[in-house]
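A.B. asks: Each chain, written out:
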Amino acid sequence: MDHLFEQRSAIWDAFLTTLSLAGISGLLALVLGTVLAGMRVSPFLPLRIIATGYTEFLRNTPLTIVFFFYVFVTPSMGFSFSYKVAAVIALTCYTAAFVAEAVRSGINSVAPGQAEAARSLGMSFGQNLGLVVLPQAFRTAIPPLISVFIALVKNTSVAGAFSVLELFALSKRLTNAYSADVITILIGIALCYLVICIPLGRVAAALERKAVFGR
Amino acid sequence: MSTGPILYDVAGPEEKRRERLISWVLGVVVLLGAGALIWRLAANGVFDDRWRILIEAPPNFAGYEVQHIWMAIFRGLGSTLLAAVISLPLALLLAVALVSLRTSPFAVVRGAVAVAVEVFRALPVVLVMLFGVLVLPGASPLMAVVFGLVLYNGAVFAEILRAGIAALPKGQTEAAQSLGMGSFLTYRDIQLPQAVRMMLPSLIAQGVVLVKDSSLGYIVGYAELLRQVSRVTDALTNAAYLLPLLAVGAAVYIALNIALSRLAVWVQRRSARTRRTVAATPLAPIVED
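Quick mapping for you: the protein sequence lines, in order, are chains A and B.
Each residue of the first sequence is one higher than the one before, starting from 1 at the first, in UniProt numbering.
Each residue of the second sequence is one higher than the one before, starting from 1 at the first, in UniProt numbering.
Incorrect hints may appear among the rest.
To be verified - Only part of the chain B face toward chain A is listed, based on derived beta-carbon distances under 7 Å:
| # | residue |
| --- | --- |
| 1 | 25 |
| 2 | 26 |
| 3 | 131 |
| 4 | 139 |
Unchecked claim - Some chain A residues near chain B, calculated using beta-carbon distances under 10 Å:
| # | residue |
| --- | --- |
| 5 | 61 |
| 6 | 183 |
| 7 | 196 |
| 8 | 209 |
As the list claims (entries may be wrong) - To be clear about the criterion: a stretch of chain A counts as covered by chain B if any three or more of its residues have a C-beta under 8 Å from a C-beta of chain B, and this derived list gives those stretches:
| # | region |
| --- | --- |
| 9 | 43-54 |
| 10 | 71-80 |
| 11 | 157-166 |
No lab work stands behind these hints, which were simulated from the structure alone.
For every residue, glycine included, the Cβ atom is placed at its ideal position computed from N, Cα and C.
Please build the complete structure, drawing on both the sequences and the hints.
C.D. replies: Here it is as structure tokens:
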């Protein structure tokens with residue numbers, strides 16, 4: 001217990017690292033995923049093929065393999081990234097596929113009359129998607145997007161195994177140093193994750209109920 | 001959804017020509033981009049003789065045959081999948097038990113189950129695995145991996161089943177109670193079978209997540225695919241071999257998971273055809289990874 005208190009500043013730093021990893025990759029994945037979702041519903045076949053291929057490929061690959069690729073394999077291919085950059089790239093690539101699926105299901109849930117009305121006003125595909133469909137799609141996509149973000153927060157723990165000192169890596173380090181206090185340390189670290197994930201889950205559930213009643 | 005695209009008009013002859021032109025231009029741009037990338041990678045030696053390792057072992061390592069390499073890959077895949085195969089039924093059993101406790105007459109028990117499910121869903125699987133490594137007495141790495149996978153996925157499966165039961169028409173439960181069935185019997189004979197059928201697509205999708213998560217064993221020192229692959233490249237003292245070996249492993253994972261996902265879609269279609277009468281509203285799949 002004392003050790004946990006002694007190490008509070010290290011835990012706080014690791015907590016912030018976890019949050020910043022999740023925040024940066026989350027934002028990047030949101031952008032990339034939305035673009036992918038737009039490509040998937042576009043009239044141009046090459047874009048559809050690329051977006052579908054990307055999503056299927058990344059959704060079915062374990063995150064550990066993605067990390068392994070960016071951290072250990074790319075140096076042998078003539079690229080290399082610092083550990084933190086590699087972690088952000090890996091998390092972004094992986095999460096974008098799930099964001100794309102969430103946004104696409106949001107697009108599918110927009111009433112067809114909306115897109116048809118936009119078309120009958122002579123809007124192009126870009127106008128239709130950007131001005132009419134996507135703003136409505138995001139409303140329904142927010143609860144699943146929050147779930148994707150919760151998963152991302154938990155997935156940052158994989159970065160801990162690839163030389164980024166975040167909560168999981170810190171828990172490994174602390175349990176090594178103070179082997180008598182293993183259980184309290186792990187519970188302390190677990191609480192840090194719960195503090196992020198449980199409130200987010202509650203928000204998602206509340207928004208979902210609201211969206212159901214709103215229709 | 002309706003037939004044909006909704007977001008843009010089905011084009012007339014002139015528009016079609018324009019659209020085809022844009023598609024061709026985009027296609028050429030994409031191919032050029034891919035070509036540039038490949039050329040760049042080739043300049044870095046990505047397509048050199050490192051891929052030969054899948055056919056024959058490098059000559060300067062006496063006694064190291066190509067079958068050793070393939071055996072390492074398949075031993076790694078085997079142990080990864082072993083962890084998944086052990087965990088899947090255990091996690092389902094745990095979920096069924098947890099949800100059955102929700103019918104308990106004691107509010108304390110119901111509350112404890114709700115809290116446990118919420119907590120384990122919110123924790124990273126690796127952290128639970130690490131807990132297994134450090135706290136379970138005499139745990140092998142395999143046991144720790146199974147421990148993490150079962151606790152986490154058991155909680156998610158329980159949540160899926162709970163959502164399925166909540167979505168059943170109320171009359172099912174009322175009819176059971178009017179026949180004098182208690183809450184446990186109602187759960188076991190009326191609610192659970194229908195919830196499992198209704199949520200089968202979500203359950204399979206979460207099964208895919210479980211298979212993917214089995215690769216997290218790498219982090220807690222379980223001798224799975226990635227560990228075996230890096231052992232081979234260590235033995236051959238050449239990190240360049242990581243790429244071909246990892247490509248083989250990733251391909252197996254992806255093929256397996258796509259097959260499972262297809263199964264989920266097929267089950268969903270089939271149940272949508274035959275069960276339209278009972279299922280009140282189709283539910284979006286709950287999946288957490």
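A.B. asks: Taking the hints in turn, state whether each one holds.
C.D. replies: Hints versus structure:
The criterion of a C-beta within 7 Å of any C-beta in chain A is not met by residue 25 (chain B), whose closest approach is roughly 9 Å, and the hint is violated. At a threshold of 7 Å, the smallest CB-CB gap from residue 26 (chain B) to chain A is about 5 Å, leaving the interface hint in force. Evaluation of the residue 131 (chain B) hint against chain A yields a held restraint, the C-beta minimum of about 5 Å falling below 7 Å. At its closest, the beta carbon of residue 139 (chain B) sits 13 Å from a beta carbon of chain A; the interface hint therefore is violated under the 7 Å criterion.
The interface hint given for residue 61 (chain A) holds, since its Cβ lies 6 Å from the closest Cβ of chain B, which is under the 10 Å cut-off. Given the 10 Å rule on beta carbons, the hint for residue 183 (chain A) holds: about 6 Å separates it from the nearest Cβ of chain B. At about 8 Å, the closest approach between the beta carbon of residue 196 (chain A) and any beta carbon in chain B falls short of 10 Å, and the interface hint on this residue holds. Restraint check, residue 209 (chain A) versus chain B: the minimum CB separation of about 12 Å is more than 10 Å; hint violated.
Check result for the region 43-54 of chain A against chain B: holds, 6 residues qualifying (beta carbon to beta carbon below 8 Å, three or more required). Proximity of the region 71-80 of chain A to chain B, defined as three or more residues with a beta carbon under 8 Å from a beta carbon of that chain, is established by the 7 residues found. Counting residues of the region 157-166 of chain A whose CB lies closer than 8 Å to any CB of chain B gives 4, so the stated coverage by that chain holds, three being the minimum.
In the structure shown, a violation is registered for the earlier hints numbered 1, 4 and 8, in ascending order.
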